[in-house]
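Undergrad: Protein chains in written order, with my numbering: chain A, 1 to 197; chain B, 1001 to 1197; chain C, 2001 to 2221; chain D, 3001 to 3221.
Hints listed in this document are in silico derivations from the structure and should not be mistaken for laboratory results.
Treat the hints with care, as some may be off.
Here are some, though not all, of the chain D residues that point toward chain A, as calculated from beta-carbon distances under 8 Å [what the hints assert, rightly or not]:
id, residue
1, 3010
2, 3020
3, 3044
4, 3047
5, 3049
6, 3050
7, 3184
8, 3186
9, 3195
10, 3217
The following residues of chain D were derived to be distant from chain A, with all beta-carbon distances above 12 Å [as the list claims (entries may be wrong)]:
id, residue
11, 3053
12, 3140
13, 3142
Just a sample of chain A residues kept apart from chain D, beta carbon distances all over 10 Å, derived [to be verified]:
id, residue
14, 61
15, 169
16, 179
Since this is a predicted model, take the numbers as computed values, not measurements.
Just so you know, even glycine gets a beta-carbon here, dropped at the ideal spot from N, CA and C.
One letter stands for each residue in the lines below.
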Amino acid sequence: MGHDHHHSHSSADAEIRAKALEALLVEKGLITTDVIDEVVRKYEEDIGPMNGARVVARAWTEPSYKKWLLEDGTAASADMGYTGKEGAKIVVLENTAEVHNVVVCTLCSCYPWPLLGLPPNWYKSYAYRSRVVREPRKVLSEFGLELGEDIEVRVWDSNSEIRYLVLPEQPAGTSDLSAGELTELVTRDSMIGVARL
Amino acid sequence: MGHDHHHSHSSADAEIRAKALEALLVEKGLITTDVIDEVVRKYEEDIGPMNGARVVARAWTEPSYKKWLLEDGTAASADMGYTGKEGAKIVVLENTAEVHNVVVCTLCSCYPWPLLGLPPNWYKSYAYRSRVVREPRKVLSEFGLELGEDIEVRVWDSNSEIRYLVLPEQPAGTSDLSAGELTELVTRDSMIGVARL
Amino acid sequence: MNSIHDMGGMHGFGKIPYEENEPVFHAPWEGRVYAMAMYTPKGVPGGFRYMIEKMEPATYLASSYYEKWMHARTQGLIESGDISQAELDEKIAYFRENAEARPPVVNDPERVAKALKAMYKTLPPDPAQPDPPKFKVGDAIRAKNMHPIGHTRLPRYCRGKQGVVDFVYDYWWVDDTPPAGEEHAIEPLYRIKFEAQTLWGEEAEPNQVLYIDMFESYLEV
Amino acid sequence: MNSIHDMGGMHGFGKIPYEENEPVFHAPWEGRVYAMAMYTPKGVPGGFRYMIEKMEPATYLASSYYEKWMHARTQGLIESGDISQAELDEKIAYFRENAEARPPVVNDPERVAKALKAMYKTLPPDPAQPDPPKFKVGDAIRAKNMHPIGHTRLPRYCRGKQGVVDFVYDYWWVDDTPPAGEEHAIEPLYRIKFEAQTLWGEEAEPNQVLYIDMFESYLEV
């Protein structure tokens, strides 16, 4: 049986209802077309996991920045220009050989927008939200990540106003790379904690 | 917004699927048409709340039977011929001026079939199952039953193999009536505990 | 399992949908599904109720009561190999295209007599008694905080909560899914009394208690 | 509220639905709903998330993510009186009958500039501090067993469970629905650490802990 297919048969109807709402809001002057266009463009192009990747790569290459990032994720992210909605308080969690962090929002979909953009569907799925707090190892193995029992798994339920970013371990053999090159290695999933690099 | 309407739009499809299942089972000799007909007839005509009402009326008019019924509901019910599926162990709960009992099955729909027949939809509804354990007084007030705070409300979650029947209080001014006449006064709802007589 | 069926204490389901003079079955197919579910002499692998609990939560909520029963009976027969999905699909397609068609009629009074006997038969309530009950009336106990993936009769809203043994029933087969390869265990069954405040905290209504039955393995001191 | 959205620990939702190279929005309407939800300068009465949580559970589960957002935004504007159900229905009927029709286009660069400013604006994280925190790092606490009908950020799976204060954050506005007529309270926020065994009993996976943030009013000794 399919899961989380979210009744795609109603998607055509959703499109109609969205058009109706937009028409009403524009007619009433509550929003303008270009605001909608520009917000969509920003989250499609500018505000996404590439931001978090730049933060991670800088932390890997600048020990003082890493220290700052772990102590005050909000300020260290703001230093790169990453501020705004869903980023009032950013906490960065360091993965190590002994500790693996993974983030979820069981009640909804809380996610550090300034650093990762809007969350992927699986992060918002009922399966992920219900399961990862109870059986994180089994969930991670579905992502292809098998963790030994000697590694402590820390699950973070992002339920209130704090937003979490995982700082993945720098892959072995990459110490010669520049921050720009390292940025390319950092995946969204590694910053949520469902992958290691 | 409608609640518990249970997608009646799919009812036509359910009828088709039921026909398909019946055709397969009959063709394979797993069931016969008359078994289905007769089971339906029994629960539509013979096995229903009139059985419980007879038990209650007898308990009101025969003190020794009432004592037996409260001590061994299974045997006292069997004495009236009420045995069978979902009646392996029947426990009868006496309502008094100080105590009000109400029965639910939060996990499913457990119900004393031999005495009450098959449960009504509201008993199986998500609203009743979810709410009556948490806010019984509010739920009972939706049934029109307002209970003072001096009355202890006992909620019975019929979760395993015990089946519960509520013995309502005999209404005032009915002590002259015969058991047959009293039977007419006893409602299904009073034996579940969502009404008093 | 902690599926949507375990809804005691949930919010959001609205008012009680009461229907005056409700019929036993709201459509003929409901009664026929009831009869097929209860009188087809085949067990449902893993259990009838567990089959329903394993439905996807959205499907569970959107399905009517007898649709769930039909699902359990049908899926059970598929899993036991008594019918195949293909022959079922074929039959469904046939009845979809032939609105006036009816299932074949085969009668057998002997089987009716057998069914009626089963209808009134009370199952043995008192299986062999292995060990004496661990707890007695008045004992303070705690319902275990357990989260089995299998079928269980211990609802979430009671888990981890303190109650008191109110009555000790006979021994019963434990309904929970047994470990692979094992039979259902036989255990004492207890009636446990909880104060509403224990279950619901400050939001509890006044002067309320809850009784619920628990197998011995659900309990700890 | 204990609605279906509070699904941490539930079974039955199947495997994680992973999509390779997933787009930010799966259809243009999703992005437009996102923008309308976030940049229409009107609050949602009772709160955006609470509006979603109050959806009937079957509807919640059957609705996609941005359908839920559209519901909250639309219902919020209806309840605040900014739009009426009748004019909405009329518009829906119009677009249903005119598949090629598009909403009117009105542009205003000044409003775009304002929206972009809001997009990057970080809300003040540290409201006025009324009382010193009651708890400190290392304190053993218990999450209250509370079941408010209003919005809360304390999920069911943590309630009544013992944990330890791991970190004390600044003060925050409590997200929970305040008592009628009152403003949101300001409280210290704590990071609480739970052992997986405390949450899930014997079914817990080995070597796992859970961190979750809790307002002071969620905690008791």
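Undergrad: Would you mind marking each hint as holding or not holding in the structure?
TA: Against the structure, the hints:
no., hint, in the structure
1, 3010, "4 Å, holds"
2, 3020, "10 Å, violated"
3, 3044, "13 Å, violated"
4, 3047, "11 Å, violated"
5, 3049, "6 Å, holds"
6, 3050, "11 Å, violated"
7, 3184, "12 Å, violated"
8, 3186, "12 Å, violated"
9, 3195, "11 Å, violated"
10, 3217, "12 Å, violated"
11, 3053, "8 Å, violated"
12, 3140, "19 Å, holds"
13, 3142, "17 Å, holds"
14, 61, "25 Å, holds"
15, 169, "18 Å, holds"
16, 179, "23 Å, holds"
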